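Engineer: Here the protein sequences come in this chain order: P and S.
The first sequence maps to residues 1 to 289 in our numbering.
The second sequence maps to residues 1 to 163 in our numbering.
In short, the hints are calculated from the structure, not lab data.
Predicted, not measured: the structure shown is a model, and the values here were computed from it.
Just so you know, even glycine gets a beta-carbon here, dropped at the ideal spot from N, CA and C.
Be aware that one or more of the hints could be misleading.
Restraint ranges, calculated between C-beta atoms of paired labels, are given here [to be verified]:
#, chain 1, residue 1, chain 2, residue 2, range
1, P, 16, S, 162, 45 to 53 angstroms
2, S, 129, P, 240, 29 to 37 angstroms
3, P, 99, S, 2, 37 to 45 angstroms
4, S, 56, P, 227, 39 to 47 angstroms
5, S, 9, P, 228, 49 to 57 angstroms
6, S, 16, P, 22, 28 to 36 angstroms
7, P, 4, S, 123, 23 to 31 angstroms
8, P, 85, S, 123, 17 to 25 angstroms
9, P, 228, S, 94, 58 to 66 angstroms
10, P, 264, S, 2, 43 to 51 angstroms
11, P, 99, S, 9, 52 to 60 angstroms
Far from chain P by the CB rule (all over 10 angstroms, computed), these chain S residues [stated by the list, open to error]:
#, residue
12, 65
13, 67
14, 120
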Amino acid sequence: MIPANFEYHRPSSVDEAISLLTRYGDEGRLLAGGHSLIPLMKTRLAAPSHLIDIQAIDDLKQVGEAGGELTLGALVTQAELIASETVADTCPILREAALLIADPQVRYCGTVGGNVANGDPGNDMPALMMCLGARYALQGPDGEREVAARDYYEAAYFTAINEDEVLTEVRIPVPAAGHGYAYSKMKRKVGDYATAATAVVLTLKGGKCASASIALTNVGQTPLFAEAAGQALVGSAVDGKAIAAAVAAAEQIADPVSDMRGPPDFRRHVAGVMTQRAIETALSRAKGG
Amino acid sequence: MAKMHIEMTVNGRSVDGLAEPRMLLIHFLRERLGLTGAHIGCETSHCGACTVDLNGQSVKSCTVFVAQANGAEVSTIEGMAPAGELHAIQEGFTQEHGLQCGFCTPGMIMRTYRLLQENPDPTEEEIRVGLSGNICRCTGYQNIVKAVRYAAEKMNAAKEAAE
Ligand SMILES: Cc1cc2nc3c(=O)[nH]c(=O)nc-3n(C[C@H](O)[C@H](O)[C@H](O)COP(=O)(O)OP(=O)(O)OC[C@H]3O[C@@H](n4cnc5c(N)ncnc54)[C@H](O)[C@@H]3O)c2cc1C
Ligand code: FES
Ligand code: FES
Numbered sequence: 001m002i003p004a005n006f007e008y009h010r011p012s013s014v015d016e017a018i019s020l021l022t023r024y025g026d027e028g029r030l031l032a033g034g035h036s037l038i039p040l041m042k043t044r045l046a047a048p049s050h051l052i053d054i055q056a057i058d059d060l061k062q063v064g065e066a067g068g069e070l071t072l073g074a075l076v077t078q079a080e081l082i083a084s085e086t087v088a089d090t091c092p093i094l095r096e097a098a099l100l101i102a103d104p105q106v107r108y109c110g111t112v113g114g115n116v117a118n119g120d121p122g123n124d125m126p127a128l129m130m131c132l133g134a135r136y137a138l139q140g141p142d143g144e145r146e147v148a149a150r151d152y153y154e155a156a157y158f159t160a161i162n163e164d165e166v167l168t169e170v171r172i173p174v175p176a177a178g179h180g181y182a183y184s185k186m187k188r189k190v191g192d193y194a195t196a197a198t199a200v201v202l203t204l205k206g207g208k209c210a211s212a213s214i215a216l217t218n219v220g221q222t223p224l225f226a227e228a229a230g231q232a233l234v235g236s237a238v239d240g241k242a243i244a245a246a247v248a249a250a251e252q253i254a255d256p257v258s259d260m261r262g263p264p265d266f267r268r269h270v271a272g273v274m275t276q277r278a279i280e281t282a283l284s285r286a287k288g289g
Numbered sequence: 001m002a003k004m005h006i007e008m009t010v011n012g013r014s015v016d017g018l019a020e021p022r023m024l025l026i027h028f029l030r031e032r033l034g035l036t037g038a039h040i041g042c043e044t045s046h047c048g049a050c051t052v053d054l055n056g057q058s059v060k061s062c063t064v065f066v067a068q069a070n071g072a073e074v075s076t077i078e079g080m081a082p083a084g085e086l087h088a089i090q091e092g093f094t095q096e097h098g099l100q101c102g103f104c105t106p107g108m109i110m111r112t113y114r115l116l117q118e119n120p121d122p123t124e125e126e127i128r129v130g131l132s133g134n135i136c137r138c139t140g141y142q143n144i145v146k147a148v149r150y151a152a153e154k155m156n157a158a159k160e161a162a163e
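Could you put together the complete structure from these sequences and hints?
Structural biologist: Structure representation (structure tokens):
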């Protein structure tokens, strides 16, 4: 398990990282926590000749909240996300999902930026970010642009980022106070990627669902924003009939491949079960205040 | 490609050497420094046998390039009993039969060390979750949980006595 050789760089600013990316083009690759990239390099599915380690860029390590927006620097780790009071207070679904990723050792290393930028449909944060309506800040030689999480994923490992860009920050509109949320994930064991998982955020007004957002992990080439599933709940009392309609809409867009987690029909079924559980949990949390 | 000059502090001692940046931290520790306590179980980031402490966090040293650890502080199982007397965690594992073949034990102990730094009085569930990245094929985990509780109690009693 020896990866191909590479030259190692450790820039101390985003600008320096961008100029290295610009210089090395498709020979260069960013390294954050390394817990997706290093396994790929060991099996030589990736063999960058220049590795640009961004661990020393302190500007990318902040969690902030202002004006109804939660900002997560790209290098915030899953462990920091779990420990953050700001995250727990404003957007607790992030903590719930982070706790379902891998194990403690991996979570000390794995970063938010690496998880969302990676483009592996097995990663848990991307569907979550679609559910939350997050935007990614991408910085390149010509400055910054924003891409919505819902527009970012094109196919497995293909995303909207350019070769010379760094994802610097994830920007999340803070969900309304009293919202209900849940991330339900079926996995075979600790450290496994999802057989299927569903993120749900919803709000109630006068006993009726005022808004609902649903997204699915690892049941397609990309994470999936299940718009119709969310719409099936809006305006309803989130009763059995509405939930069944949402589950059917989620199953309809799920298009999983067959892998060691099971054949497509089974995984599509699990996506439905996870969707139902996540809606029920989110509903009871919204009712509980 | 050029080798890199690597410097780090391992178990309180400054070490340096030349290495290809792609060398994994576990290989540097075992092959360059002769610290063979941390084991290679899977080499695929799953088993936790290679767990060491890196800048105050437990990491799987098979999933860290030595270049990333350049300048870091590392602790391994060899650093746990510098005076020749067992650390409370090591004592717990022996007293509570927390090991059989011992292959997972260096990783278990290093992970337990960091867990108890962060949470000095963990419940059984917190121990199981805290050690969920470390696999043991022998013990069935019951006695590992007891060993961690033993160590926590001993370390907390020592702390109280010192206060
Ligand atoms: C045993 C194991 C189990 C795991 N289980 C899960 C799981 O259940 N769910 C899950 O979601 N993840 C899981 N992971 C993956 C883990 O969460 C990764 O750490 C994470 O996906 C990637 O984060 P990273 O910081 O390690 O990124 P890296 O591995 O460093 O990078 C991943 C990719 O993103 C790119 N990249 C990194 N940062 C940036 C940036 N700021 N801008 C642009 N591109 C960037 C890199 O170039 C690379 O292509 C698991 C990993 C292991 C080893
Ligand atoms: S050898 Fe590193 S996790 Fe198994
Ligand atoms: S004691 Fe044998 S693997 Fe744990």
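Engineer: With reference to the structure, classify each hint as holding or not holding.
Structural biologist: To see whether the hints hold, each was checked on the structure:
| no. | hint | verdict |
| --- | --- | --- |
| 1 | P:16 <-> S:162: 45 to 53 angstroms | holds, 46 angstroms |
| 2 | S:129 <-> P:240: 29 to 37 angstroms | holds, 34 angstroms |
| 3 | P:99 <-> S:2: 37 to 45 angstroms | holds, 41 angstroms |
| 4 | S:56 <-> P:227: 39 to 47 angstroms | holds, 43 angstroms |
| 5 | S:9 <-> P:228: 49 to 57 angstroms | holds, 56 angstroms |
| 6 | S:16 <-> P:22: 28 to 36 angstroms | holds, 32 angstroms |
| 7 | P:4 <-> S:123: 23 to 31 angstroms | violated, 45 angstroms |
| 8 | P:85 <-> S:123: 17 to 25 angstroms | holds, 21 angstroms |
| 9 | P:228 <-> S:94: 58 to 66 angstroms | holds, 59 angstroms |
| 10 | P:264 <-> S:2: 43 to 51 angstroms | holds, 48 angstroms |
| 11 | P:99 <-> S:9: 52 to 60 angstroms | violated, 32 angstroms |
| 12 | 65 | violated, 7 angstroms |
| 13 | 67 | violated, 4 angstroms |
| 14 | 120 | holds, 16 angstroms |
Violated hints for the displayed structure, listed by number in ascending order: 7, 11, 12 and 13.
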